[in-house]
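Given chain A, work out where chain B should sit, using these hints.
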Amino acid sequence: MKNIYMDYAATNPLHPEVLDAMMPYFKEDFANPLSVYEPAVKAKEAIENARQQVASLINAKPNEIIFTSSGAESNNFAIKGAALANQKKGKHIITTKIEHHSITNSARFMERSDFTVTYLPVDKYGIVSPESVKKAIMDETILISINHANSEIGTIEPIAEIAKIAKSKNIIFHTDAVASTGNIPVDVRELNVDLLSLSAHQFYGPKGASALYLKEGTRIMPLIYGGIQEGGRRAGTENVPAIVGMGKAAEMARENLTARIAHNIKLRDKIIRDVSSIEKVHLTGPIENRLPGHASFVVEYIEGEAMLLLLAANGIYAASGSACTSKALKASPVLTSIGIPSHMAHGSVVFTIGQEITEDDIDYFTDKFKTIIKRLREMSPIAQ
Amino acid sequence: MDTSDNLKFLTKPLHADATTDIIYMMCPIHLLTIAQKIKEIKVGQTLAVLTDYEGALEDIPAWCGTTGNDFLGVMEEPDHFKFFIKKLKESS
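The listed protein sequences correspond, in order, to chains A and B. With the numbering used here, letter number 347 in the first sequence gets 1187, and the count goes up by one each step, no holes. With the numbering used here, letter number 59 in the second sequence gets 67, and the count goes up by one each step, no holes.
Worth flagging that the hints you see were computed from the coordinates, not collected in a lab. Errors might be hidden in some of the hints.
Stated by the list, open to error - Once the Cα atoms are required to be at most 20 Å apart in a straight line, the calculated SDA-like pairs of lysine to any residue come out as:
hint, chain 1, residue 1, chain 2, residue 2
1, A, K920, B, D60
2, B, K90, A, R952
3, A, K1009, A, K1110
4, A, K1110, A, H1183
5, A, K937, B, M34
6, A, K882, A, F866
7, A, K1214, A, H1183
8, A, K937, B, I37
9, A, K901, A, G1071
10, A, K1047, A, T1077
11, A, K937, B, G63
12, A, K920, B, M33
13, A, K937, B, L65
14, A, K1210, A, Y1157
All of these numbers come straight from a predicted model, not from anything done at the bench.
In isolation and in its complexed conformation, chain A is listed as follows (with noise of 0.2 Å):
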């Protein structure tokens, strides 16, 4: 049986030689960044340099990243910290109905603590039209967050766009590209964003290693308070291989993307029309703007559950939804956002593609996908 590895959204598998760039810094060079002997300023070096190369992959100058440990607590940074540095000018916060919950709850948070939060609504494609940000956008508005790429329907949101609306109004502007940055090209000049959210993780780099872009000139208010590491931004003492490995990703990533966007957006169109052709399975999402590795459907009268687990029992890992939104039983607010019946919704299922998968793979998947979506369609009553 093959293992075939499509939830390349969830998390990518760290690149060999991305590991091979973090190992010294397990061993001999362990040292804390802070020190002042030879090898904590070898460890320091290693910071800067992987500041250097994250930088080089989003058009950004290297005093402008904050190393966090997530894409959660970069968007967690970005919404609390630049919505507390700016209160005095304002209370207004606007994001959409499709974001990841690390916005949503940290909007949802500032609501608690006396701001309101406008959450946009999207089209059947999931897309925010700039005409809405425009009329949502009052006088005491100090902050607009709206996701660069969405990863449960691939959706690449015109975010320059928006951008020069909120760049317009003085308002500051976040985009969480963590979906992004790293599959596609993302240049936060040409982007025209004030903040940004990246995570190593999604371009082969390791877990616990993601960065916030700060354009220079933005104040921001720390989330961790302590030392003096990022420039006190953000205190602790800093995951130094992970860092480097972030590093290390991003320069791959740099190098390598249009070689990967043509080796995904390849399959990936051959994924939509293999399991579009099959009887009541809807793509999810646009077919232009998308993501070039992510494919997603909805499958009538079938739980994503169930088709995860017979896909599982076939070497095939993909993903439902959202994984905290199908632990809970819910329907996935973004399906429903783009008007998804409920009902449909469950049915979700996410294929999300990277550079060691290969057409014979896809050829394996469609095959196994077709035979277990008949035969739970033959299990199920809804489907008679």
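Below, chain B without anything else, positioned relative to chain A:
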């Protein structure tokens, strides 16, 4: 928020055999916690859930409907909600 049909507001608290406090936790912790805690009480007993998460007003009655448990009602306290759920069957 679609809460009108099955949301019962209480004026007095009900007896609870177990209470779980998840104030400050957010979606979907309330649903995962209930799923766990309901396993720890007997059929016929009542679980009280303390939460300040407003989404629970929609989610908890819906969860009870999906899982076949009885949503007895919710009390509004000054800074949180207190939900009462009666366990009707062993969860799968």
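Consistency of the hints with the structure:
1. Restraint check for A:K920 and B:D60: satisfied, since their Cα atoms lie roughly 19 Å apart, inside the 20 Å limit.
2. A hinted pair counts as satisfied when its Cα atoms are at most 20 Å apart, and B:K90 with A:R952 qualifies at roughly 18 Å.
3. Annotation: proposed proximity of A:K1009 to A:K1110 is violated, straight-line Cα distance about 43 Å (limit 20 Å).
4. Taken as a hint, the A:K1110 and A:H1183 pair is broken in the structure, with Cα atoms around 27 Å apart against an allowance of 20 Å.
5. For the given pair, A:K937 sits about 16 Å from B:M34 by alpha-carbon distance, which is consistent with the 20 Å threshold.
6. A threshold of 20 Å between alpha carbons decides the hint, and for A:K882 with A:F866 the separation of about 13 Å falls inside it, so the pair holds.
7. For the hint linking A:K1214 to A:H1183, the alpha-carbon distance of about 19 Å falls within 20 Å, and the restraint holds.
8. Pair hint A:K937 plus B:I37 holds up; C-alpha atoms about 19 Å apart against a cutoff of 20 Å.
9. Simply put, A:K901 and A:G1071 have alpha-carbon atoms about 14 Å apart, close enough for the 20 Å limit, and the pair holds.
10. Under the criterion of a C-alpha separation no larger than 20 Å, the hint pairing A:K1047 with A:T1077 is consistent with the structure, at around 17 Å.
11. Restraint check: the Cα-Cα separation between A:K937 and B:G63 comes to about 14 Å, which is no more than 20 Å; the hinted pair holds.
12. At roughly 16 Å between alpha-carbon atoms, A:K920 and B:M33 fall within 20 Å of each other, so this suggested pair holds.
13. Using a Cα cut-off of 20 Å, the hinted pair A:K937 and B:L65 holds, with the two alpha carbons roughly 18 Å apart.
14. Under the criterion of a C-alpha separation no larger than 20 Å, the hint pairing A:K1210 with A:Y1157 is consistent with the structure, at around 15 Å.
Hints 3 and 4, counting from the list given before, are not met by this structure.
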